[in-house]
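Trainee: So the chains spell out like this:
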Amino acid sequence: MADERVARQEVEEVIEDPGERVHVWPHLVSIELVGALIYLFLLILAAILFKAPLTQIANPELTPNPAKAPWYFLGLQELLLHMHPALAGVIVPTAVLILLAAIPYIDTKRAGTGIWFYSPKGIPITIFSAIYTAVWIIALVLIDEYLPAGEGSFGIAPYLINLGLPPAVGYIAVPIALMIFIPWSLAMIVKRRWDPDTRELMICLYSFFLASFIVLTIIGTAFRGHGMELMWPWQMQPPTGV
Amino acid sequence: MRKVIDYIVNSRFWRSIYRQSYPDTPRKRVMAVINSLALHLHPVRVPKRATRVSYTWGLGGLSIYAFVILTVTGVFLMFYYVPSVRDAYWSIFDLDTRVLAGQFVRNMHRWTAHIMVILVLLHMTRVFYTGSYKPPRDFNWVIGIVLLVLTFLLSFTGYLLPWDQLSYWAITVGAEMGGAAPVIGKHVNIALLGGFEIGQPTLIRWYTLHVIFLPLALIVVVSMHFWRVRKDGNISTPVYPIEAAPPELLEKLGKAKQVAEGDE
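Those sequence lines, one after another, are chains Z and R.
Under our numbering, read the first sequence as residues 1 to 242, first letter to last.
Under our numbering, read the second sequence as residues 1 to 264, first letter to last.
Be aware that one or more of the hints could be misleading.
Between beta-carbon pairs, the in silico distance windows are [what the hints assert, rightly or not]:
#1 Z:Glu145 to R:Asp94: 38 to 48 Å
#2 Z:Leu97 to R:Trp227: 20 to 30 Å
#3 R:Met31 to Z:Leu97: 34 to 44 Å
#4 R:Trp227 to Z:Glu229: 47 to 57 Å
#5 Z:Pro148 to R:Phe139: 44 to 54 Å
Everything labelled a hint here was simulated from the structure, so no lab data went into it.
No residue lacks a Cβ here, since even glycine has one placed at the ideal position from N, Cα and C.
Put together the whole structure using the sequences plus the hints.
Mentor: So, in structure tokens, the structure goes:
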């Protein structure tokens, strides 16, 4: 419990409002049982209808096109197309995990515990942050795919290299600047528009993370076909070499 | 029929298992939870709002349920799976084509593995948007992040095992990502692959991680997670700074305090 932390004034003292209490048996146990049964039923249905894939036996000589990681890493694989691999594959995910873990040490006030979206501002901030993030990411992916960089190549980094800048600018400096600028500008707009407290700012930044993860994962899964080129889902051919 | 049921539930053997009759009184309901290994993870009573499905969506519970299903189906798969480069693919092929319900159980394992990743991510998102990471639950949120990483690793290590094109090249992409780490990249790559390329050492390494090390690690960490959920006051409920608490709540709590003091 937080008692000693409260006594040392590291944590504010609060009054909890548990409301009416009910016995776990049967009020919670019955809900858990129903949930477990529904889950099991849907899983059995899925296991009957959809076969787990088993492609050709592993062949180091034959690279599938496209070669993709499991879906939950496709957001990172999408980043890999736009920046230095150390950044996309290691530094960004490590930073994300550390920042996620740091949330309760930045937003330490106890008020707002147990309430969905915290305040009347919570939902508008969430929606705005998600849309703002999605628009930025989609725009950047499109620019990086179609910006003519001369000599038949496309993309932001090749464009900058063509201007005579070292590759590190386009593959490291610009992506880092953007990954800081987008959440920072988002936070600034939210600050002006909603006058948020720390918790509302956290909602804004978590929504930025969540929207980035979802949008990048969808792009990587459904919009990257042969040669990891950008295309509509209905234009995608089955991968070759599997 | 009634008589048969009565005879069974009053028999010495049945009573030796359950000790009490159906929990239909408050006292028996308390004892039912306290006396059961599985149920005693719960408190005896919970706030009514915590049982509302629209509050938690049961996501944490479903995540651990997915883990249980993965363990059970995973043990079944282990009976047939051979972790060698030569035989792995064909053992899965045989499982799918010749073993009774082999394909079915593998489907369950595969889809639950994907679903568990989604459930854990959604659980984290639920905990975030309900502000349930705030003190005293702050460190439990960190434990939750560790569990998220363990879930990713469990899913990813399992991905290699069928030794088909899909797994081989997904792992190639993954190992290249790890290998791109600054300074330690080359060592990470060798550690992941057990050598310079994907081969038998990689397979046995990932197999061991997948079937023993990571599940045990997850059980230990998730136990801490559950323990702390209980110690930190169970499912989160709204709190008020003392000066901002609604008067009727203070009155209610004040009364409760007086009653408790009166009892002593």
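Trainee: For the hint 34 to 44 Å, verify it against the beta carbon of Met31 (chain R) and that of Leu97 (chain Z).
Mentor: holds, 43 Å
Trainee: Against the range 47 to 57 Å, how does the distance between the Cβ atoms of Trp227 (chain R) and Glu229 (chain Z) compare: consistent or not?
Mentor: Once the Cβ atoms are compared, 49 Å apart, the range 47 to 57 Å for Glu229 (chain Z) and Trp227 (chain R) holds.
Trainee: Can the suggested window of 20 to 30 Å be confirmed for the beta-carbon pair Leu97 (chain Z) and Trp227 (chain R)?
Mentor: holds, 23 Å
Trainee: When you take the CB atoms of Glu145 (chain Z) and Asp94 (chain R), is the distance between them in 38 to 48 Å?
Mentor: Holds, at about 44 Å.
Trainee: When you take the CB atoms of Pro148 (chain Z) and Phe139 (chain R), is the distance between them in 44 to 54 Å?
Mentor: Check passed, 51 Å falls within 44 to 54 Å.
The structure fails none of the hints (numbered hints given earlier).
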